[in-house]
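K.L.:
Sequence:
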Amino acid sequence: MTIPPAVTAARALVADLVSRGVADVVLAPGSRSAPLAYAVAEAADAGRVTLHVRIDERAAGFLALGLSKGAEGAPVAVVTTSGTAVANLHPAVLEASHTGLPLILLTADRPHELRGTGASQTTDQVGIFGSAVRFAVDVPAPSQGTAGEPGAEPGVASAEELRDLRSVTGRAVSAALGFRSGHPGPVHLNLAFRDPLTPSAPLPGLPADTAQQGHAKPDPPLVVPAMLQHVASPALPGNPAHTVVVAGDGAGTDARQLAEVQGWPLFAEPSSGATGGPNSIAAYRALLGSEDLAGSIEQVVVLGRPTLSRPVQRLLGRPDVTVSVVAPGAGPWPDAARNAAVVLPGVSPAWFETSTPPPSAFLERWRAAGAQASRVLDDVTCDEAVLGGPTALSVARAVAAVLGPDDLLVVGSSNPVRDLELVLGLDGPGPAVLANRGLAGIDGTVSTAVGVALAAARRGLRTRALLGDLTFLHDVGGLLRGPDETPVDLEIVVVNDDGGSIFATLEHGALAATSNAANATFERVFGTPHGSNLAQLCAGYGVDHQLVKDVPTLRHALQAPSHGIQVIEVRVPRADRQAESTDLARRIVDAVQE
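Number 302 in my numbering belongs to position 302 of the sequence shown; there are no gaps in the numbering.
Note that these hints are calculated values from the structure, not bench results.
Being a predicted model, the structure only gives us computed values, none of them experimental.
Warning: the hint list may mix true and false statements.
Simulated restraints, written as ranges between beta carbons of each label pair [claimed, not checked]:
no., residue 1, residue 2, range
1, Glu353, Gly531, 54 to 64 Å
2, Asn519, Pro332, 37 to 47 Å
3, Asp383, His98, 51 to 61 Å
Every residue gets a Cβ at the ideal spot worked out from N, C-alpha and C, and that includes glycine.
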């Protein structure tokens, strides 16, 4: 089995850190940092380093600081994924800087081609800690070695790159320990990694050249100046008959209106502000698994920032699909697949100046597929199907079913928002959905929900939140409110599967199923079980807690009047999440192909 360059480079880096005296590594789970997680777990299993896993990056940073302080200034490494995870290290970095403690910050990042494209969990991490670090370097993503090159084989990082990486590591550790300056302190290695991120090849059915990365067209997109938006009415460059609208986070009502006026299928994320309507296609990400159905798409119009779905990103990266991105404002346009043909500053008014056409065969085919998918989803989430206990998907459906258009739902990142995407609309229009999708982090979500509830109450709206257990624990301090602060009414539904089940649905879950050893590694650095007693945590904060054991009880609890902050905990299994997700996707595809 060929080892991917990212994994090879991560192993070399960890081995070099160990050789330079790093005995402790603190890890916060993430996907982009997976190569480092596997490398550190491997080193820990071999007894070369002690691994500490923490869910909250802020806590991870201070744990590393304490380890270094307790070991009289020994270097300690901290591993995080990209995005807000990195920013959460800043308080500990400042403390380490002012006390002269050698923290080695290993932050994963997207490769250069994905930066500034709207790729999920991607921001400018270069220089993020400013003058608080003694040394900082942005390490480019390793490329692939070539056959016959000394020290390398096809598919692994080149020997020259590994030599350069070790040189950078040596400078970083030297600066952290203050060997030349006499001024020890934190250092920052920002490490870019390309897929694949696991010690295995991409999952079957995801070609290596398109999996997550997409296909880059040789020609840059045509960018229409904002001043021409209301003067020119640019025609779409592709075939409008086989067009779909992809509505990402913050797309707004224009996306839904455009789809309906033009007679196009609508693929809308929950926080797009464009869900619902006759053209909204249920379970579209699963339906894209049908080669015949997905292959009928010739053009996509993108509004907002789509970040939830790998199938959608693969669609946007297909060389045979014409992609038009609508991106108002001066910010970077979303085009993680680097495949856009045209970038428009807004929806052309001419696109709305038409009568709604009769449903085309293309639209009717997608509507029928969405209806089939809805029936499958109803089968797996109805009360009869979950008599043995609720599932994460049935919980999301219950929340969406109880809430109406006048309700607000704050949904956490990771699985809850993806589960909601599948079931939203099965039982009616559902609530308005808000989410922190700018960087798609799990941090601060409890506090965000409290802020939404305070503001919504002024408009007479009721707010609930749907969070995973790690998201809840990451910001459990958001429950704290002083006696003189404005009271808030908020129900928080916590789907507790004792860990990070989002990783089970990715390639890490497939790798974990290959052996007991691989599963043990997965549980430690990705699954991260915690065993926390949420009832006792809530009691400590003076917050009501209710453990519900079935879906009807959950619906009743959500319909009852509420006062103050209430946490409704629903325990669901995690062990079979990967198999269940795969089986559901297969059932949906089979249903539309019958």
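K.L.:
So, for every hint listed, does it hold in this structure?
P.N.:
Checked hints:
1. Look at Glu353 against Gly531: about 60 Å separates their beta carbons, and that is inside 54 to 64 Å.
2. Here the CB-CB span from Asn519 to Pro332 is close to 39 Å, well matched to the stated 37 to 47 Å.
3. The hinted range of 51 to 61 Å is satisfied by Asp383 and His98, whose Cβ atoms lie roughly 57 Å apart.
In summary, this structure violates none of the numbered hints.
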